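*Asks:* Could you build the full structure based on these sequences and the hints that come with them?
Number of protein chains: 2
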Amino acid sequence: MSILVVGSVAIDSVKTPFGERKEALGGSATYFSMAASFFNKVNIVATVGEDFPKKYISLFKSRSVGVEGLHVARGKTFRWKGWYDYDLNTAHTVYTHLNVFKDFKPEVPRDLRKSKNVFLANIDPELQYNVLKQVDRPRLVACDSMNYWLEHKKKAFEKLLDKVDILLLNDSEARQFSGESNLVNAAKFIVSVGPRAVIIKKGEHGVIYFSKKSHFIAPAYLLETIYDPTGAGDTFAGGLMGYLSKCPKIDEASIRKGIIYGSILASFAVEDFSVNKLLEISLDDINARYRHFREITRF
Amino acid sequence: MSILVVGSVAIDSVKTPFGERKEALGGSATYFSMAASFFNKVNIVATVGEDFPKKYISLFKSRSVGVEGLHVARGKTFRWKGWYDYDLNTAHTVYTHLNVFKDFKPEVPRDLRKSKNVFLANIDPELQYNVLKQVDRPRLVACDSMNYWLEHKKKAFEKLLDKVDILLLNDSEARQFSGESNLVNAAKFIVSVGPRAVIIKKGEHGVIYFSKKSHFIAPAYLLETIYDPTGAGDTFAGGLMGYLSKCPKIDEASIRKGIIYGSILASFAVEDFSVNKLLEISLDDINARYRHFREITRF
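Those protein sequence lines, which keep their order, are chains L and R.
Numbering follows our numbering, with no gaps: position 138 of the first sequence is 138.
Numbering follows our numbering, with no gaps: position 6 of the second sequence is 305.
Source of the hints: derived by calculation from the structure; they are not laboratory data.
Computed from a predicted model, the values in this text were never measured in an experiment.
No incorrect hints appear here.
Here are some, though not all, of the chain R residues that point toward chain L, as calculated from beta-carbon distances under 10 angstroms: (1) Thr-524; (2) Arg-555; (3) Arg-597.
In silico DSS-like links for lysine-lysine, alpha-carbon gap of 30 angstroms or less: (4) L/Lys-188 / R/Lys-576; (5) L/Lys-212 / R/Lys-576; (6) L/Lys-116 / L/Lys-102.
The beta-carbon is built from N, C-alpha and C at its ideal position, and this holds for glycine as well.
*Replies:* So, in structure tokens, the structure goes:
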């Protein structure tokens with residue numbers, strides 16, 4: 001069952017204590033789709049400008065990422081420039097040029113409207129809602145957001161939540177949205193107002209999963225070198241949704257495994273700039289790290 | 300095989316966003332021994348002043364904590380006053396009155412010199428070394444420290460490390476001692492200079508264990524309410540050493556289980572002020588939470 005993702009495809013310039021990359025492939029839908037494509041066919045709904053390099057289109061195609069819904073608009077591609085210091089948890093933005101993304105009205109191509117697995121990456125919750133309306137009874141809907149929407153479009157976000165199976169937020173967003181400083185209370189609040197489950201991402205400290213019935217906690221895979229944390233959250237979502245799209249049943253056990261696959265994919269992504277590391281590895285590498293993760297966490 | 304702990308027995312006054320306690324029982328050896336006593340006989344080597352309440356001596360005895368090595372010196376008991384704000388990871392000290400602790404020269408009573416399991420809580424590393432010399436070939440030696448000693452008594456600390464099986468540090472101490480910001484690199488450095496293994500405590504984010512051969516990562520047990528984090532690290536050590544003291548063999552598997560028992564004991568301790576919560580619970584409660592921890596982490 002294939003996967004549909006709506007989000008951004010961007011050109012990123014990033015500097016970290018370990019190096020710098022200018023005008024590299026980025027964006028939430030990019031990281032998500034590269035990660036999910038290890039498991040299944042992914043289709044992107046996004047917009048880029050006329051300047052978007054053809055080589056990246058070819059790259060998507062070579063990874064079984066469908067670009068039928070990747071609209072090329074007049075103007076320039078969304079660009080972000082930022083940097084991280086040794087605290088790799090905090091991105092410092094130099095600029096965000098929305099460019100063609102400013103007028104993005106996502107349209108799901110007709111033959112993708114039966115997609116069974118949908119990931120709504122971080123965009124305006126009204127657009128996320130609008131995308132969902134175009135999809136015919138998906139089996140699984142997961143959704144990301146960010147502090148800006150939680151503050152400025154809270155009502156639209158809350159309306160959306162009712163249709164979401166799994167909401168992904170980072171810890172500060174979960175605290176902001178719930179008004180609870182304790183993450184257990186934050187998670188309980190969140191599942192009480194809509195989504196069937198919430199995954200709170202704590203970066204290098206792992207994740208917390210809460211549904212109405214149960215919860216699951218997992219540390220992050222330990223790394224010696226983190227070159228660039230950009231896209232880690234979307235890569236996590238890609239691993240999670242990619243794995244789940246192959247599962248006949250979405251239950252507690254499959255979600256837990258999906259969360260670990262998400263962590264593993266994210267652990268690879270941050271070991272290089274842009275999506276470079278994801279282009280180097282194979283499903284065997286992912287499964288080997290998955291087994292290693294199990295080995296270093298069991299007791 | 301009984302346990303020997305050398306450390307502080309103190310009177311603490313603590314304020315957190317959730318309440319305040321004045322002149323309550325505290326100190327590293329106190330938290331450690333209360334936690335370890337669920338598993339085994341523990342003997343304290345420490346010093347208190349003449350003002351130390353008799354009821355606390357009775358309390359130790361009632362918990363099978365041996366006080367033969369608890370020296371009553373002329374003067375006042377060690378007192379600490381501090382507070383925490385909503386970031387419960389950082390203790391703010393109002394005062395530290397060492398009092399009789401200033402002249403503490405730990406002496407291990409003759410019949411405790413064959414103790415097989417020794418925990419050197421955070422005191423001057425020269426005193427820790429001196430205690431170890433008084434013990435006749437212990438089976439297991441674990442040791443804690445703090446930033447002050449790592450900075451001002453680094454040589455004495457390094458000399459001690461050679462005799463330590465498991466070193467416990469928190470994340471900032473591990474970074475300080477190793478000069479490495481990445482915790483994997485910090486842990487690898489630490490086990491290269493002496494101890495057989497290191498446990499890096501990350502508070503609410505769990506622990507990392509590294510030996511020369513392997514590693515283990517565990518999240519912390521999730522709590523809705525943390526009333527007072529004072530003593531969590533020493534309680535963790537008490538659970539770890541208590542469990543290990545009952546194990547015929549100290550190997551990777553038993554250490555991993557011990558680490559989880561340590562986390563569980565610490566999770567109880569922070570649910571109330573002083574050692575109050577540890578006085579309320581039973582080994583059944585601990586085992587129930589251990590099983591729950593296993594349930595919410597397995598995948």
